[in-house]
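**Student:** Below are the chains, spelled out letter by letter.
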Amino acid sequence: MDDFTKTILLAEDESALRDLYKNLLVKEGYDVTAVDNGQAAYDQLISRKFDLLLLDILMPKLSGLDLLERLQKEDKLGAAVRTVMLTNLSDDSKIAEALKYGIRGYMVKSNYTPDTFIEEVRHYLE
Amino acid sequence: MSSSQTTPKHVVDMEDLRKVAQSVYARNAELVKLDKMKDEFVALASHELRTPLTIVKNYLWLALHEKDEPLGSNTTKYIDIAAETVDRLMFLVEDILTISRIENGRVTLAKEDVDMVPFVRGLVESYQVKAQEKQIRLSFESSVDSQLVTFDKNRFTQVVINILGNALKFTPVGGAVRVSVDIEDGAICMVRVSDTGPGVASDKQASLFTKFGKIDDSYANLPNVNGTGLGLYISKEIMHLHEGTLTAESVWGKGSTFIASLPITK
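Read top to bottom, the protein sequences are chains U and X. Residue 113 in the working numbering is what sits at position 113 of the first sequence, and the numbering runs on without skipping anything. Residue 1215 in the working numbering is what sits at position 215 of the second sequence, and the numbering runs on without skipping anything.
In case anyone wonders, no lab produced these hints; they're calculated from the structure. Predicted model, so just to flag it, every value in this text is computed and none were measured. Even glycine gets a Cβ: it sits at the ideal position worked out from N, Cα and C. Warning: the hint list may mix true and false statements.
[Claimed, not checked] The list that follows gives simulated cross-link-like pairs (lysine-lysine, DSS-like), each with its CA atoms no further than 27 Å apart:
{"hint": "1", "chain 1": "U", "residue 1": "K27", "chain 2": "U", "residue 2": "K6"}
{"hint": "2", "chain 1": "U", "residue 1": "K94", "chain 2": "X", "residue 2": "K1033"}
{"hint": "3", "chain 1": "U", "residue 1": "K49", "chain 2": "U", "residue 2": "K22"}
{"hint": "4", "chain 1": "X", "residue 1": "K1204", "chain 2": "U", "residue 2": "K94"}
{"hint": "5", "chain 1": "U", "residue 1": "K22", "chain 2": "X", "residue 2": "K1067"}
{"hint": "6", "chain 1": "X", "residue 1": "K1111", "chain 2": "X", "residue 2": "K1036"}
{"hint": "7", "chain 1": "X", "residue 1": "K1204", "chain 2": "U", "residue 2": "K61"}
{"hint": "8", "chain 1": "X", "residue 1": "K1153", "chain 2": "U", "residue 2": "K61"}
{"hint": "9", "chain 1": "U", "residue 1": "K22", "chain 2": "U", "residue 2": "K6"}
{"hint": "10", "chain 1": "U", "residue 1": "K27", "chain 2": "X", "residue 2": "K1057"}
{"hint": "11", "chain 1": "X", "residue 1": "K1169", "chain 2": "X", "residue 2": "K1134"}
{"hint": "12", "chain 1": "X", "residue 1": "K1211", "chain 2": "X", "residue 2": "K1153"}
{"hint": "13", "chain 1": "U", "residue 1": "K94", "chain 2": "U", "residue 2": "K61"}
{"hint": "14", "chain 1": "U", "residue 1": "K6", "chain 2": "U", "residue 2": "K76"}
{"hint": "15", "chain 1": "X", "residue 1": "K1211", "chain 2": "U", "residue 2": "K61"}
{"hint": "16", "chain 1": "U", "residue 1": "K94", "chain 2": "U", "residue 2": "K22"}
{"hint": "17", "chain 1": "X", "residue 1": "K1057", "chain 2": "U", "residue 2": "K22"}
{"hint": "18", "chain 1": "U", "residue 1": "K100", "chain 2": "X", "residue 2": "K1036"}
{"hint": "19", "chain 1": "X", "residue 1": "K1169", "chain 2": "U", "residue 2": "K61"}
{"hint": "20", "chain 1": "U", "residue 1": "K61", "chain 2": "U", "residue 2": "K76"}
{"hint": "21", "chain 1": "X", "residue 1": "K1057", "chain 2": "X", "residue 2": "K1204"}
{"hint": "22", "chain 1": "U", "residue 1": "K27", "chain 2": "X", "residue 2": "K1067"}
{"hint": "23", "chain 1": "X", "residue 1": "K1211", "chain 2": "U", "residue 2": "K94"}
{"hint": "24", "chain 1": "X", "residue 1": "K1077", "chain 2": "X", "residue 2": "K1067"}
{"hint": "25", "chain 1": "U", "residue 1": "K94", "chain 2": "X", "residue 2": "K1038"}
{"hint": "26", "chain 1": "U", "residue 1": "K94", "chain 2": "X", "residue 2": "K1153"}
{"hint": "27", "chain 1": "X", "residue 1": "K1111", "chain 2": "X", "residue 2": "K1153"}
{"hint": "28", "chain 1": "U", "residue 1": "K49", "chain 2": "U", "residue 2": "K27"}
{"hint": "29", "chain 1": "U", "residue 1": "K100", "chain 2": "U", "residue 2": "K27"}
{"hint": "30", "chain 1": "U", "residue 1": "K94", "chain 2": "X", "residue 2": "K1111"}
{"hint": "31", "chain 1": "X", "residue 1": "K1211", "chain 2": "X", "residue 2": "K1036"}
{"hint": "32", "chain 1": "U", "residue 1": "K27", "chain 2": "X", "residue 2": "K1204"}
{"hint": "33", "chain 1": "U", "residue 1": "K73", "chain 2": "X", "residue 2": "K1204"}
{"hint": "34", "chain 1": "U", "residue 1": "K22", "chain 2": "X", "residue 2": "K1077"}
[Said to hold, decoys possible] Now the stretches of chain U that chain X is said to cover, found in silico as 3 or more residues with beta-carbon under 8 Å:
{"hint": "35", "segment": "12-20"}
{"hint": "36", "segment": "109-115"}
[As the list claims (entries may be wrong)] Some chain X residues well away from chain U (every beta-carbon gap over 10 Å; in silico):
{"hint": "37", "residue": "D1035"}
{"hint": "38", "residue": "V1042"}
{"hint": "39", "residue": "A1043"}
{"hint": "40", "residue": "N1104"}
In isolation and in its complexed conformation, chain U is listed as follows (with noise of 0.2 Å):
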């Protein structure tokens, strides 16, 4: 890994789907560190910097909302501008929630394959 190799925490708790992103992405050559719930998210974002924060919205212990709820109010929300929350949720309400703390985007996740997913996170790391 070289100084020029992009940083991308991922975050969801359906471990098939943490498998195949982390897969799709380390194959890109991402460095990635992949977590299955909301507080070891936290606790990586508090310990290193990363490019690029992909966060599930339902998760376990902390959920992404929660999560950057916490960061906010620990003045730390600087981590949210890298962050592109992902959700299966066709509720738009927690969508909208999430954008009100400046975070970069979106993805709802039934939406992409792996090609269409890669191409996003690309698109975003640019």
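Place chain X on chain U using the hints.
**Tutor:** Just chain X, lined up with the frame of chain U:
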């Protein structure tokens, strides 16, 4: 118009009118609440359906685009994951349909007199292999030799399998699951399933029996724990249809006991 013709006079009892209005408002509030609950259920159900569909869609895409030889190890792995996820989808759809039938009053119980003791013992025996695979001590005991209870065998089996299956799922390797039949005051037959799993914190116990009310923290660190999140809700509703109850007693870190109670009709 002659003076003898008078306009019919409707005497309105204001008290009656007030009562009618009150009942209409109450019914309306109830319908609004039900409508909201239905919306929430549809939102949750769609999320729970989309997730496995996303998995199937992506892994089939990978299988179709795999460059190594046809049906090589990668392709087989992708198809396996997709196939397992389709099973999960089927369970979920079945559970959602069961809930819809229960909530619309379309479940008719086929009740019969059954001796609860051998009935539960038989169910426990059918789970011994699964328990042994996980090195869990699964035991059965009863405070009576025999007790006739009236219930729908298929539906009640669903309840026992649900709580017994959960106990085996959440109990770590080397733990114990105990099933018992007890009679309370000669009027209630109780089937208890106790485990040495992680237990459920008291503030999370209320959500155990709600739709998609999985208790995240309890299973977050356990491998391979999957479920639709609807089983306990369905089981509770089945027990209510039998005029019985399904309750839980649990202490975080010290295991759980689920109790399915049925009235004994004499």
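**Student:** Now tell me if each hint is right for this structure.
**Tutor:** Status of the hints after comparison with the structure:
Taking the CA atoms of K27(U) and K6(U), the gap is about 13 Å. The hint holds against a cut of 27 Å. For the hint linking K94(U) to K1033(X), the alpha-carbon distance of about 21 Å falls within 27 Å, and the restraint holds. Between the alpha carbons of K49(U) and K22(U) the distance comes to roughly 18 Å, so the proposed pair stays at or under 27 Å and holds. A C-alpha spacing of about 22 Å is found between K1204(X) and K94(U), which places the hinted pair at or below 27 Å, so the restraint holds.
Taken as a hint, the K22(U) and K1067(X) pair is honoured in the structure, with Cα atoms around 19 Å apart against an allowance of 27 Å. Taken as a hint, the K1111(X) and K1036(X) pair is broken in the structure, with Cα atoms around 34 Å apart against an allowance of 27 Å. For the suggested pair K1204(X) and K61(U), the alpha carbons sit about 12 Å apart, so the restraint of at most 27 Å is met. Distance check on the hinted pair: K1153(X) and K61(U) sit about 38 Å apart at the alpha-carbon level, beyond 27 Å; violated.
Annotation: proposed proximity of K22(U) to K6(U) holds, straight-line Cα distance about 13 Å (limit 27 Å). Distance hint between K27(U) and K1057(X) is fulfilled; the C-alpha atoms sit about 19 Å from each other, no more than 27 Å. The suggested pairing of K1169(X) with K1134(X) holds, with an alpha-carbon distance near 9 Å, which does not exceed 27 Å. In summary, the hint linking K1211(X) to K1153(X) is supported, as the alpha carbons are separated by about 24 Å, within the 27 Å threshold.
Proximity of K94(U) to K61(U) is assessed by CA-CA distance (about 18 Å); at most 27 Å being required, the pair is judged to hold. Of the supplied pair hints, the one linking K6(U) and K76(U) holds, its CA atoms being roughly 21 Å apart against a limit of 27 Å. Among the hinted pairs, K1211(X) with K61(U) is consistent with the structure: their alpha-carbon atoms are about 19 Å apart, no more than 27 Å. Between K94(U) and K22(U) the CA atoms are separated by roughly 25 Å; this keeps the pair inside 27 Å, and the hint holds.
A C-alpha spacing of about 17 Å is found between K1057(X) and K22(U), which places the hinted pair at or below 27 Å, so the restraint holds. With a CA separation close to 25 Å, the supplied pair K100(U) and K1036(X) stays within the 27 Å bound. The suggested pairing of K1169(X) with K61(U) holds, with an alpha-carbon distance near 20 Å, which does not exceed 27 Å. Annotation: proposed proximity of K61(U) to K76(U) holds, straight-line Cα distance about 19 Å (limit 27 Å).
A C-alpha spacing of about 34 Å is found between K1057(X) and K1204(X), which places the hinted pair above 27 Å, so the restraint is violated. For the hint pairing K27(U) with K1067(X), the CA-to-CA distance comes to about 14 Å; that is within 27 Å, so the pair holds. Using a Cα cut-off of 27 Å, the hinted pair K1211(X) and K94(U) holds, with the two alpha carbons roughly 19 Å apart. Of the pairs offered as hints, the one joining K1077(X) and K1067(X) holds, with about 14 Å between alpha carbons and a cut-off of 27 Å not exceeded.
A distance of roughly 18 Å separates the Cα atoms of K94(U) and K1038(X); the hinted pair therefore holds under the 27 Å criterion. The straight-line distance between the Cα atoms of K94(U) and K1153(X) is roughly 43 Å, outside the 27 Å bound, and the hint therefore fails. Only pairs whose Cα atoms come within 27 Å are accepted, and K1111(X) paired with K1153(X) is accepted, the gap being roughly 7 Å. Between the alpha carbons of K49(U) and K27(U) the distance comes to roughly 21 Å, so the proposed pair stays at or under 27 Å and holds.
For the suggested pair K100(U) and K27(U), the alpha carbons sit about 33 Å apart, so the restraint of at most 27 Å is broken. Under the criterion of a C-alpha separation no larger than 27 Å, the hint pairing K94(U) with K1111(X) is inconsistent with the structure, at around 45 Å. For the hint pairing K1211(X) with K1036(X), the CA-to-CA distance comes to about 14 Å; that is within 27 Å, so the pair holds. Of the supplied pair hints, the one linking K27(U) and K1204(X) is violated, its CA atoms being roughly 40 Å apart against a limit of 27 Å.
Restraint check for K73(U) and K1204(X): the C-alpha separation of about 25 Å stays at or below 27 Å, so the hint holds. Of the supplied pair hints, the one linking K22(U) and K1077(X) holds, its CA atoms being roughly 16 Å apart against a limit of 27 Å. Check on the segment 12-20 of chain U: 5 of its residues sit with their Cβ under 8 Å from a Cβ of chain X, so the three-residue criterion for coverage holds. As drawn, the segment 109-115 of chain U meets chain X at 6 residues by the rule of a beta-carbon pair under 8 Å; at three or more, the given contact holds.
Every CB of chain U is more than 10 Å from the CB of D1035(X) (nearest about 16 Å), matching its label as outside the interface. Not every Cβ of chain U is farther than 10 Å from the Cβ of V1042(X); the closest lies at roughly 8 Å, contradicting the non-interface assignment. For A1043(X), the requirement that its beta carbon stay farther than 10 Å from each beta carbon of chain U is not met, with the minimum near 5 Å. Residue-level check passed: N1104(X) sits 23 Å from the nearest beta carbon of chain U, beyond 10 Å.
Comparing the model with each earlier hint shows violations of hints 6, 8, 21, 26, 29, 30, 32, 38, 39; every other hint is respected.
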